[in-house]
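Trainee: Given the coordinates of chain A, assemble chain B onto it according to the supplied hints.
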Amino acid sequence: MEMLLSGNQALARGVFEYGGEFASAYPGTPSTEILQTIAKFFKDDIYAEWAINEKVALEAAVGASYGGARTIAVMKHVGVNVAADPLMSLTYTGVGAGLILVSADDPSLHSSQNEQDNRYYGKFASIPVLEPSDSQEAKDFVKASFEISEQFDTPVMLRITTRISHSKGIVEIGERETVEHGGFERNITKYVMVPAYAATRHKVVIDRLESLKEYAETTDLNRIERNGADVGIITGSISYQHVKEAMPDASILKLGMGYPLPMKKIASFAAEVKNLFVVEELEPFYEEQIRAAGIEVEGKKYFSNHLELNVDRVRDGFIEAGLLDASVKSPTSSAEPEEVLPRPPVLCSGCPHRGMLVAMKKLKLYTTGDIGCYTLGALPPLSQIDTCLCMGASIGHAFGITKAGKTDGKVVSIIGDSTFLHSGITALASAVYNKTNTTNIIVDNRITAMTGGQDHPGTAKTLMGEKTHAIDLGALCKVLGVEHVRVVDPYDLEETIGVLKEETERDAPSVIITNRPCMLFPSKIKDEPYAVILEKCTACGLCFSVGCPSISTSEEKNEKGKPKSEIDPITCTGCTICAQVCPAGAIVPLEQ
Amino acid sequence: MKNGITSVLIVGVGGQGVLLASEILTEVAKVMGLDAKKSEVHGMSQRGGVVTSHVRFGEKVYSPLIPSGEADLILAFELAEGLRWIHQLAEGGTFIVNDHKLVPPITSTGKFFYPEDAMGRIKARVPDAKLVKATDIAKELGNPRLVNTILLGVMSKSIDLAEDKWLEVIKRMAPKGTGELNKKAFLTGRST
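These protein sequence lines are chains A and B, in that order.
Our numbering puts the first residue of the first sequence at 1, with every later residue one more than the last.
Our numbering puts the first residue of the second sequence at 1, with every later residue one more than the last.
One chain only, chain A, in its complex shape (with noise of 0.2 Å):
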């Protein structure tokens, strides 16, 4: 049977039919589906969750592995950041049953800080990189990846981008099959990584890798696709699809496994072809290995390491090579496109981030950052969000500005409640235990909202549905040393700008939570709408600075020419944070 499936789900998919019983994950755009594939449809067979952040989501991994499942840890590329601590030794220990490392990496930055190039994390880690083309190879490569772990005792790094997670295609169905694996057998001298059995295991891994070495010279992971010797490409990910269509009378080495690469086979294509290329997105991964060994070979001199590549982009780096006529491409390619009106993500109508930004604003504080919804403050009009680095630094950047002493104004730090359980906890101890000052606000909508409304350790419910335990993170921010936590409706800017103005004046730490949830998870919240009276309306536009996207210009103009505004009924959820900023009294309930 065939089905049209996206990368993500045709990887959970590979996970079902190749035997996975264990996977954990803390969601991140482009990997999050993966794990909420395997949730929805194959829970019977593989238990699925949501780690608190992706280096718990590897260890506990690792223990499902050393305990005989065989077992996937799904993260975003900078989660392997996070993972990053285990990652390292992991690789001397080896497994117990199969373990897969899925890296989501997303070039372009199409909802990431950056776009690193995670194929370092396999050379840097010695651990083979498998590097899927489309749906079908997602799940095809689950089980080349499963039993090369399993054969060379190595977790194996399965690495996508956001063209093959968000892409879909078609995807031969198979059945499920199953391999036995004995439970965790006590073996000290391979998982306890103190120093003389760590030195003994990293000699382990140094011969590993010249096993795979081989192995790399000889799977059908690699393959070389002869057609004209004029021009020789190496390349593989998403950048072999884009290839294949910009060069079709090219002879390819598509690269199934990206690290290590098999060089013997590389020099021989080489030899093959008069002008040898690769074309990799992102970083000179395989160029610079390629050239080190010797091999003369162009890429990024053409195709540049700054965001994903496409057919274009392949065709004019040969195009600007000599090797390809301009004419193949469409007459209208270069065709002019019209000025149109930047539409940027906004905070939906009714986010209860709106209220504490809002109040920020007008306190004049300076707000460091953290990443996710909330973080869409930093745009026009709201501009209230002043720095943004990685998953819980918000707090340890109000703590360091704030000792360094050299800022007039005071600086308040913003992190939702996922990102604070993530990684914020660890900060706020630390700033707590270093005598701060700072007032830090975890904006708690009870949900992971960026990515699409996941559950955590906050929500009382699993990735399974389970109802479970759920932290309270005003005792918790009390047990790390915090005397002064305050909970707020952020739909009330008057309380909301009191206890701000309160907690910023105090010398000592504080913790302000918001107690309203996300408007879109777990489900739509909408109340009555409400609306402006155009004869009451000033056009002061005041109202347009809280920047929502129900509100707009109304054909209605002010003496001066300014237009008044208008509420879309059918988007306002009616969370009067307009009304309450309107100074004349102009925006009521619909029905008034």
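Just so you know, these hints were derived from the structure itself, not from any lab.
Do not rely on the hints blindly, as some may be mistaken.
[Claimed, not checked] Straight-line C-alpha distance at most 30 Å; calculated DSSO-like pairs for lysine-lysine: (1) A:K43 <-> B:K171; (2) A:K410 <-> A:K329; (3) A:K274 <-> A:K362; (4) A:K526 <-> B:K101; (5) A:K524 <-> B:K101; (6) B:K123 <-> A:K524; (7) B:K171 <-> B:K184; (8) A:K478 <-> A:K362; (9) A:K524 <-> B:K176; (10) A:K329 <-> A:K300; (11) B:K171 <-> A:K461; (12) A:K562 <-> B:K111.
[Said to hold, decoys possible] Label-pair ranges, simulated between beta-carbon atoms: (13) B:K2 <-> A:D230: 35 to 43 Å; (14) B:P144 <-> A:L534: 20 to 28 Å; (15) A:K43 <-> B:E91: 45 to 53 Å; (16) B:E91 <-> A:A84: 49 to 57 Å; (17) A:P522 <-> B:M173: 21 to 29 Å; (18) A:D153 <-> B:P144: 35 to 43 Å; (19) A:D472 <-> B:M119: 54 to 62 Å; (20) B:D117 <-> A:I525: 56 to 64 Å; (21) B:N143 <-> A:S334: 41 to 49 Å; (22) B:P144 <-> A:K43: 34 to 42 Å; (23) B:N3 <-> A:E288: 30 to 38 Å; (24) B:M173 <-> A:E210: 30 to 38 Å; (25) B:M119 <-> A:A460: 46 to 54 Å.
[Stated by the list, open to error] The following residues of chain A were derived to be distant from chain B, with all beta-carbon distances above 12 Å: (26) G228; (27) D386; (28) G498.
These numbers were taken from a predicted model, which means no experiment stands behind them.
Glycine included, every Cβ here is placed at the ideal spot set by N, Cα and C.
Mentor: Relative to the frame of chain A, chain B by itself:
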């Protein structure tokens, strides 16, 4: 069509149903026995941002992304979004746009303006661009949610896929209990 591949670009604003429409089109191509791929970016798009979905089908599809200027058909769910992507249309391609405006909040800064006469600018580039009053038609059929299916019906006239396969997929993928209504909406669009 280039190399026997049909490329369709569906565009709109987050929340308009672009992704479901492209899902249906790709599924119809698959049911016809063709190779088919589609690609879009999730994540921030659902927060009212620009949404595009690339759908490609034919004997063998490699890249899931449509090269510049090679869209055989563009279906726009919104006027300004139609204008934003019109330069991607291939020579002789089909352009269909829903007569609907979604004015983004950024206009309230006074620095950006929703395009006046978007349809005029569209016609200046593609004289035979088709404007569909899908919202009015949906109201006549008694359900504003039918806009997407009506647009698919209009689009289906310009794409070589069988009517019975369209109806089969729409019936299967429509929300429970709305199969007949969506079938009617599709056929209304197809005869518009």
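Trainee: Next step is simple, just say for each hint if it's right about the structure.
Mentor: Results of checking the hints against the structure:
At roughly 28 Å between alpha-carbon atoms, K43 (chain A) and K171 (chain B) fall within 30 Å of each other, so this suggested pair holds. Pair hint K410 (chain A) plus K329 (chain A) does not hold up; C-alpha atoms about 55 Å apart against a cutoff of 30 Å. For the hint pairing K274 (chain A) with K362 (chain A), the CA-to-CA distance comes to about 66 Å; that exceeds 30 Å, so the pair is violated. Taken as a hint, the K526 (chain A) and K101 (chain B) pair is honoured in the structure, with Cα atoms around 23 Å apart against an allowance of 30 Å.
As the CA atoms of K524 (chain A) and K101 (chain B) are separated by approximately 24 Å, the hinted pair is consistent with the 30 Å bound. The straight-line distance between the Cα atoms of K123 (chain B) and K524 (chain A) is roughly 39 Å, outside the 30 Å bound, and the hint therefore fails. About 11 Å separates the Cα atoms of K171 (chain B) and K184 (chain B), which keeps this hinted pair within 30 Å; it holds. For the hint linking K478 (chain A) to K362 (chain A), the alpha-carbon distance of about 28 Å falls within 30 Å, and the restraint holds.
As the CA atoms of K524 (chain A) and K176 (chain B) are separated by approximately 20 Å, the hinted pair is consistent with the 30 Å bound. The hinted pair formed by K329 (chain A) and K300 (chain A) meets the criterion: a straight-line CA distance of about 21 Å does not exceed 30 Å. For the given pair, K171 (chain B) sits about 34 Å from K461 (chain A) by alpha-carbon distance, which is inconsistent with the 30 Å threshold. Between the alpha carbons of K562 (chain A) and K111 (chain B) the distance comes to roughly 13 Å, so the proposed pair stays at or under 30 Å and holds.
For K2 (chain B) and D230 (chain A), the Cβ-Cβ distance of about 22 Å falls outside the hinted range of 35 to 43 Å, so the restraint is violated. Taken as a hint, the range 20 to 28 Å holds for the pair P144 (chain B) and L534 (chain A), whose Cβ atoms sit roughly 25 Å apart. Separated by about 50 Å at the C-beta atoms, K43 (chain A) and E91 (chain B) satisfy the suggested range of 45 to 53 Å. Between E91 (chain B) and A84 (chain A), the C-beta spacing of about 50 Å keeps the proposed range 49 to 57 Å intact.
Evaluation of the 21 to 29 Å hint for P522 (chain A) and M173 (chain B) yields a pass: the beta carbon distance comes to about 24 Å. Against the hinted window of 35 to 43 Å, the Cβ-Cβ separation of D153 (chain A) and P144 (chain B) comes to about 59 Å, which falls outside the hint. Under the hint 54 to 62 Å, the C-beta atoms of D472 (chain A) and M119 (chain B), about 56 Å apart, fit the expected range. In this structure, D117 (chain B) and I525 (chain A) break the distance hint of 56 to 64 Å, their C-beta atoms being roughly 38 Å apart.
Checked against the hint of 41 to 49 Å, the C-beta distance between N143 (chain B) and S334 (chain A) comes to roughly 43 Å, which is consistent with it. Separated by about 36 Å at the C-beta atoms, P144 (chain B) and K43 (chain A) satisfy the suggested range of 34 to 42 Å. The hint said 30 to 38 Å for the Cβ distance between N3 (chain B) and E288 (chain A), and at roughly 34 Å that hint holds. Look at M173 (chain B) against E210 (chain A): about 51 Å separates their beta carbons, and that is not inside 30 to 38 Å.
Distance hint check for M119 (chain B) and A460 (chain A): the Cβ-Cβ separation is about 51 Å, which falls inside the suggested range of 46 to 54 Å. For G228 (chain A), the non-interface assignment is confirmed: its Cβ lies about 17 Å from the closest Cβ of chain B, beyond the 12 Å cut-off. Separation of D386 (chain A) from chain B is adequate, the least Cβ-Cβ distance of about 20 Å exceeding the 12 Å criterion. No beta-carbon of chain B is positioned within 12 Å of the beta-carbon of G498 (chain A); the least distance is around 28 Å.
Checked against the numbered hints above, the structure violates hints 2, 3, 6, 11, 13, 18, 20, 24; every other hint is satisfied.
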